[in-house]
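Make a model of the complete structure from these sequences and hints.
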Amino acid sequence: MASVILCSELGESSSHLVMLADYAVELKAQGYKVHVVGQDLAVAHQIPEFSDIPLFQTPAIGSAKQQGDGPPFDNLNYSSVLRNNGYHDVATLAPLLRGWMNLVSALQADLIVAHHAPTALLTARLLKIPCIMTGAGYAVPPLTTPMSCITPWREVTDEELLLEDQMLLQVVNDTYAELNFPRVRMHTAKELISHAAQWIVSIPEMDHYGARNQPYVARRYDSSRRLAADWPMGPGDRILVHLNADSPYLSPLLEQLTANNAPTLVIVPGASNGLVEMYKGTNIKVQRESVSIRQAVDQCKVFINEANHDLVYELLSYGVPSIFLPSEPENKLLAYRLVKLRVGFTGPASPAELDLERMIRANNEQDQVWHNAAGVSIKYEDREKLLRLHSVIKAELVVP
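Mind the numbering: the sequence shown is residues 4 to 403 in this note's numbering, read in order.
Bear in mind the hints are in silico, worked out from the structure with no lab data behind them. Virtual Cβ for every residue (Gly too), placed ideally from N, Cα, C. There's no promise every hint is true.
What the hints assert, rightly or not - Below, in silico cross-link-like pairs of lysine-lysine (DSS-like), each with a Cα-Cα straight-line distance of 30 Å or less:
#, residue 1, residue 2
1, K343, K382
2, K131, K36
3, K382, K335
4, K283, K304
5, K283, K343
6, K193, K335
7, K382, K304
8, K335, K304
9, K335, K288
10, K304, K288
11, K31, K131
12, K304, K343
Unchecked claim - What follows is a set of in silico ranges between Cβ atoms, one per label pair, in the way DEER data are often shown:
#, residue 1, residue 2, range
13, G34, N367, 29 to 39 Å
14, T261, R215, 52 to 62 Å
15, W156, E292, 29 to 39 Å
16, E163, D233, 43 to 53 Å
17, D358, P185, 53 to 63 Å
18, T261, E181, 51 to 61 Å
19, A365, P155, 14 to 24 Å
20, E368, Q33, 44 to 54 Å
21, A365, T160, 26 to 36 Å
22, I381, Q298, 51 to 61 Å
23, W156, D385, 31 to 41 Å
Structural data, given as structure tokens:
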């Protein structure tokens, strides 16, 4: 029986693990032995699909900021992202890569499926194990030299991008030497991932890097099993907000929502008890648990979020655009693409410029954006004709 390791390393753990759960179901159905390596075992433990699957902790990874090496590096491309997540020096990357190699060797993997797990891909290269790079567009960058820019709203030269690539390559090649792989050297940053098959789990309109000439894999983002929205009382149109607890937009938005007086449900994963209690009895209800988007789109016409891929994917599948308040590089890039396609509404560049009334007015008056969002929904209405996850696994995932 072939052994497959499903890996998640960087980014939002919960959404990545949910996607890996889909893979686990398909792989087990086809007779593969499955192991899961994730950042947050507490989250993985709560996912029903993993109930009978061995779970392992992702080897610890430090960032430049956490190591006390000054402020984070400017995120210009995929190389920058890696440098901000443990690839900034050999002292950090070498033990990390060693940990991955030990784990993969112990599990006797025949294939590695990596969702935003770059060190798992490096491990696969060194140990000569077949591997697949999967996820939304941001986690599966194009194979270009230099690695593609992730801040297209800024003027960034190829020379700047190449410098990011070169600094990354120096650390990776020195790490190979440190771990007694002196003959393994890479000359371009794309070689870090070029050995892996690429599965982009999205649609072209939602590719962070723009539409590419390669297949996209569809999967259902079905939130129907979640709680129905329990709306607070109040006049006016309902508003549904999804923001992380550390979003710089959260406090000013809550202040303006209070003044707006519209019935508002605010989803804040990881919200403190104090934040939840603060708004009880008002027009705002703060809760940690997500709700059924399928039901919410029939009850609400104003959706404010951080441009989280999975959430926006589901909203667009129902023809509903969002107002974007992104703070993370991945979400900023997706919001930029969607606003450019006019299937979403842009928020302010900084929290200090937040104007809730203006955003709601744009949401209610810009009919073309709603029309375009409906067009995306119609385009993919017959989802069974799309390349589906189980079909990809069945056709392409062939291991000894």
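Here is how each hint holds up against the structure:
The hinted pair formed by K343 and K382 meets the criterion: a straight-line CA distance of about 18 Å does not exceed 30 Å. Distance hint between K131 and K36 is fulfilled; the C-alpha atoms sit about 19 Å from each other, no more than 30 Å. Between K382 and K335 the CA atoms are separated by roughly 25 Å; this keeps the pair inside 30 Å, and the hint holds. Taken as a hint, the K283 and K304 pair is honoured in the structure, with Cα atoms around 23 Å apart against an allowance of 30 Å.
This hinted pair does not check out: K283 and K343 have alpha carbons roughly 38 Å apart, beyond 30 Å. Distance check on the hinted pair: K193 and K335 sit about 23 Å apart at the alpha-carbon level, within 30 Å; holds. For the hint linking K382 to K304, the alpha-carbon distance of about 21 Å falls within 30 Å, and the restraint holds. For the given pair, K335 sits about 22 Å from K304 by alpha-carbon distance, which is consistent with the 30 Å threshold.
Of the pairs offered as hints, the one joining K335 and K288 holds, with about 26 Å between alpha carbons and a cut-off of 30 Å not exceeded. Note on K304 and K288: the hinted pairing holds, with a Cα-Cα distance of about 17 Å set against a maximum of 30 Å. For the suggested pair K31 and K131, the alpha carbons sit about 24 Å apart, so the restraint of at most 30 Å is met. For the hint pairing K304 with K343, the CA-to-CA distance comes to about 21 Å; that is within 30 Å, so the pair holds.
Taken as a hint, the range 29 to 39 Å is violated for the pair G34 and N367, whose Cβ atoms sit roughly 52 Å apart. At about 43 Å, the beta-carbon gap between T261 and R215 misses the expected band of 52 to 62 Å. For the pair W156 and E292, the beta carbons lie near 34 Å from each other, so the given range of 29 to 39 Å is met. At roughly 49 Å, the beta-carbon separation of E163 and D233 lies within the given 43 to 53 Å, and the hint holds.
At roughly 57 Å, the beta-carbon separation of D358 and P185 lies within the given 53 to 63 Å, and the hint holds. At roughly 55 Å, the beta-carbon separation of T261 and E181 lies within the given 51 to 61 Å, and the hint holds. In this structure, A365 and P155 meet the distance hint of 14 to 24 Å, their C-beta atoms being roughly 22 Å apart. Judged by the Cβ atoms, the range 44 to 54 Å given for E368 and Q33 holds: they are separated by roughly 50 Å.
Taking 26 to 36 Å as the suggested C-beta distance range, the pair A365 and T160 conforms, at roughly 33 Å. Hint check: I381 to Q298, Cβ distance near 21 Å, so the stated range 51 to 61 Å is violated. Look at W156 against D385: about 34 Å separates their beta carbons, and that is inside 31 to 41 Å.
Hints 5, 13, 14 and 22 from the earlier list are contradicted by this structure; the remaining hints agree with it.
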